[in-house]
Structure formats: structure tokens, C-alpha cells
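Q: Each chain, letter by letter, is given below.
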Amino acid sequence: MKGAWRLAARDLARNGRRTAATGLAVALGFAALVVLGAYGTAAERFLRANAVYVQRGGHVMVFREGGLRKAALDPARYQLRPSEQRAIRAALEADPRVELTAPFLRGMGLAGNGCQSMPFVALGVDPALDRRIIEHPEVLATVPDLARPLRGRALGDYPGSEGPIGLAGGLARLLGKTRLHDDVGGAPVSPVRCDAPELAVQLARDANVQLAASTYDGALSAVDAEVVQVFRGTSRETEDALLLAPLDLLQRLYDTDGVTYVAAFLRDARDTHAVAADVARRLQAAGLRVSVHTFDDFAANPFYAGTMDFFRGMTLFILVLVLAVASLAMLNATTLNVVERMREIGTLRAIGYRRRDVRRQFLREAAILAAFALCAGLLLALAAIAAFNGAHVMIAAPGIPGEVWIFLSPTAGVIVGFAIVFVTALLAATALAVRRFARRRVADLLVTAAG
Amino acid sequence: MTAARTEPIMSALLVTLLLLPGAAAPAAGAPSPDALLRDSDRARGGLEEGVTWDVEVEAREGGNVTRRAFLVKARGDDALAEALSPPRHKGEVILFNDRTMWFVKPGLRKPVSISARQRLSGEAANGDITSTRYARDYEGTVTGEEDVDGEPAFTLELKARARSATYDRIRYWISKRRHLGLKAEFLSVGGDVLKRATFEYGNRASLRGTTFEFVSRMTIRDAAASGNVTVLTFGPPRAERHSPAIFNVNDLVR
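As given, the protein sequences belong to chains A and B, one line each in that order.
The working numbering applies: residue 1 is where the first sequence begins, and numbers increase by one.
The working numbering applies: residue 1 is where the second sequence begins, and numbers increase by one.
Be aware that a few hints might be false.
[Claimed, not checked] Straight line, CA to CA, 20 Å or less: simulated DMTMM-like cross-link-like pairs of lysine to aspartate or glutamate:
#1 B:90 - A:239
#2 B:183 - B:41
#3 A:70 - B:61
Please keep in mind that the hints were generated in silico from the structure rather than gathered at the bench.
Starting from the given sequences, assemble the full structure and let the hints guide the process.
A: What follows is the structure, encoded as C-alpha cells:
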């Protein structure tokens, strides 16, 4: 058997230029796919970390039944009351795959600076739990730029302050809040003359804003708040409206003790669907009418789901294209090889080689070529990825304000997967090329070669 | 088709349209829309003189009933509505400075600029509880005549002159004889009816020696047939001198 492999290697070396050209085509194609796979993995991790941690959706979200779509229109009806929150969190935390659970309150209203008001979309968080979410190792490894405030500190750093809030950069600009609580050093809040020529200076004197909204029973309500951080909006649409506030502040504003949803953050994202199914079953058995969503559910995260669907389609298209080119190169090289070696094939058949043995010999050559080419392609891809990551490339990611660092992360699973697909395609191309000639009679092979 | 053949059809269509009660054209010599709106505004608080009244808002939504009471002080383009009850809302103030609205509550460090369209309670928007200035805020067109509960009325189409108006479009029925708003449909920009309101005038106001009817009840129903109803009950208006300072937002938060 060893001799057969040695013979195959020698045959490849005999026509070094053709072997090198075919190998190069395969190597480049494989390298391109590995880089694409690394980009896909990075993009998926980036979008997932954005959806799960930065947007605080969690891997699994539990709403009151129908709450995902209807809570914004009828928040009082679709809120989760304290007893329900406790039951949901207990059911989730009983699962060892769940790392952390947290309640969140979504709401809308107007943020005012004493002169004008801007509509806001708020997310109420538990500041202590929020720190764990936003400083999660997955966040720091994947989306540190998105999670870190552009200015200021975490809400949890102001336990004694009344109403510490964060504003998305666009909303802070619209409200003229250019200085934060730490910048003004607790300066007293002074009245604003809205018709004064130096209005911008007056607005920047303090970090105080007012949040106004309708309570869940329909009354007008307002609370004071201090801007302690400015963060980057999680999407272009929310850059001018997003507001992060302590849960108790928003509950006071809306005059409720309810929340919109409870999120579970898992130790391993691959357990998402299993955990969601288990908790849905348990909560249903407990008589709670809830709906459970996962981060990759289109209804819960259309941006993540839509982008990933598009990316999968694009990757499949490129994979087919690259495989077709590599397979055709292999088919062409093997066909030429076989035509040139007809006499050799005839001789081998004459001394007792069966058709199967001839086919296997060519497949051995293809396997050796593929192995070398894939190794070369992998090295090339890893070098390109290292160079790309070293260059610290910032890109304007679709749907996300500002620029983000794109870090390619090749994974063994993706590399092995592409390698298997590649080797299979190359061997199939070789088998196809050899098949017709291997079927010929020995005499025909020798005569055709001599002629 | 020839002109001779189409003429009888067109005539029949014209006669049919003229006979339709909802599409009746305004009679020749109908008052101008602005005059009608000014007169009807007066009975809903749109006065140049200082006037004060109480208003109770009872909202029925999905089986829940909430009640709130306000004291409203108005003068010209300014108005101030102070919450009287329930106790936890006492002292809250909605201030109308011309077309700008402010919300102030005890303890709040700065006033909040709010919208007249924002929901106050139930189906009532902030702009519904205070003085009505349709002549100022809307451009009106008399589109026909129609009876409302047996009372002949002009129908008007009102279009907001500015985005600060409480509604984008209003279909308004004004009594021909009394020049009072009898019925209104509040429409979206696209023309969908959002809410319907009826008005009653059981109050009397006396100003500068003139006594006139004044709104006593406004009933607002959700057009989506949800059964949600909000009733605004207005107390008798009192002529009062209001200092300009009470309508100054900077004085309110001090």
C-alpha cells in the first residue's frame, strides 16, 4: 500500500508544473473560503453579541403571551407582574445552562431639556445585573467598542444618584447635553431661558433632563434624570432616540411594578433552542401564559436573523462558485494526465491491475494533491487573517452607527467543514475523469496510446 | 358615447348627489368658515378675556374607569390646567403658551415641553381640556349641511395649519342657528376617523354684559369600536382677571 502512495506522489511530481497549477487553484480557492468562513464566524459572533448583550435581548426572552409584538401598544396588558417575573426567573435559573437572568422594561416617551423635547425609546435595566451583562467576556472579546460608553461610566457606578441615565449619541446631541454628570461636578440645575441667544451654553451647564410619558393608566407623568453616560445606538434607527435607565426610574415614570420581558443569558449559545423549549414547557406546566423567543428568532431580532440569512445565502453561492472552479481545474488536469498516461494505464492493466486499482491510483494522486493544496491554502488563509487582524481594520457595519473593528476569527469547525467539502469535490472530479478511460479494454488503451 | 346620451345620466347623477343628505352643498350666503369657527370657539373657551372653569375627565377603557379633575384658567392664546385630583397628581400643571405646551409637576426641576396630541386621559388629548382655538389652529371649509339630532348644521372640513395642532384633520358640525360645535370627527392625515366627539352646552357664560351658551360636556368615543369612552364634564365658567405671570413657564417652576 505504501508503494502505491509513493507511486502516486512520483506521478504527481513527474508533471510538476501542471500539479502546481492545479494545486494553486485549489489552495487559493480553499484560502478564500477559509477567510470567508472566518468573516462569517466573526460577523455572526458580532451580531449575536450585539443582539444578546448590547441590546440586552439575552439568548432567550420570555414575554407575556403576545407581548413581543403588542407590549409597545398596550404595555399595561402585556407586562409581566412581579410574581410572574419571580416564577420565570426561578424556572430559568434552575437550568444549569443558564448563566444569568435579568428583567427589562421597554417604554417610550419624551426627553426634555427645559426648552424642547425629543421622543425616546427607553430600556430599563437593573444596574447591577447590567454591569455583568455589558462586561461579559463574550462582549469584551467580540464587541468591546459597541458595549463601552462613548463617554461617562456605567449606570451602576451611581448608586446614590437620582435617575442616572445613558443617552444614545444622537439623542444627547439633539438635547444639547454635551456635558455629563461627572463633567459638571454636581452643579445646581439652573432654569433655562429658551429665547436666550446663548441657549446651547445654558443647556450644557448641567446634565439634568426630564423624562415625560403616559403612565400605564393613562396619566401624564414626568421624572428628573441625570445623564451619566453617552453610548452608541445599537442601530442607526435608534441613534437619535435610545435611552438607558435604571429599571426603578422607568417603573416610576410609567407607574408600574411590571417589566416587559425577562431575558436569560446562557453559558453556551448552542443551548439556546433546547433551553427555550425546556423553559416554555415548564412555564406552561406552571400555568403561566408566556411566549418564549430566542435571539435568532426573526420576530425578536429581525436584523440578526435577516443579516444571517443573507450571509448564509451569499456564502453558499460563493462556495458553489469556488468549488466549481476548483473541481473543473482538477477535472481538466486529471483528464490531461490520463490521456498522457494511456500507455501506462494499459501496461498496468496488462500486468494485472484491475480497473478499480487504476481508479484508486488516480484518486490517491488527487488526495495527495488536495492535502498539500489545502494545507497551503490554510497557511495562506491564516497568514491573510493575521495580517488583516493586525491592521485593525474599522468598517461601517450595515445598520450600526459609527465604525466597528472587524476581527476575523477562523474556527476549526468551519475549516474542517470546508476541507471535507473540498476533498469530496476534488475526488469526485477525479473519479469522473478517470472513469471513462479505466473502462477501456487493455488493447485499446495500448493501441490508442501508440497511435 | 355621445353627448346627447350622457346628458340624462349626468343629470340623474347630479340630482341624486343633491338629494343625498350628507352631501348637501352649503346654502348660498352661508357664513364664512372663520366666522363660524370663532363663534363656536367662544363657547368652548376660546375667549380673549380671562375665564376659569373646572373640568372632570372620566375615562372608561377596557373595563377600567379613571377619573381626573382639573382647574382651567384661560386668556387669549394662553391656558393653564392644574390637576386637582386624584391626590397623587395634585399640583401638576399643563401650560399652554400660544402653541407651545408645557408639563410641570411638583419637584420636577424643569418644565417638559409636550405635545397637544399627547394622550391626557383615556381618549382625551391634552389639547381637549382647555380652550379651543380652532379658528386659529385650523383652516376651515364649509362642505355642506346636515342635521345633528334634528338640529340643522353646517359641516366643515378643518385642516391643521401647524403640526402643533391637536389633530391633523377634523370634520366639524356647527349649528346653523346657534353657531355651536355639535359633533366632531377627528381624522388622521390619511383621512381615517380616529375618534368621534359630541358636545353639549348646558352652561352659561357672561362676559361684558353678554350671556352665551358654554360647553358643559364633551363625549369622546374611540372610532375603532373598542367601547372606550371618555367624558369631559365642564363646570360653569367664571370671568376672572388672570395675571400674565401665571402663564409664564419660567415662573411656574420657581
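Q: Against each hint, give a clear statement of whether it holds in the structure.
A: Hint check:
1. For a cut-off of 20 Å, the pair hint linking residue 90 of chain B to residue 239 of chain A is broken: about 36 Å separates their Cα positions.
2. A hinted pair counts as satisfied when its Cα atoms are at most 20 Å apart, and residue 183 of chain B with residue 41 of chain B qualifies at roughly 13 Å.
3. For the hint pairing residue 70 of chain A with residue 61 of chain B, the CA-to-CA distance comes to about 17 Å; that is within 20 Å, so the pair holds.
In summary, the structure is inconsistent with hint 1 from the numbered list given earlier, while agreeing with all the others.
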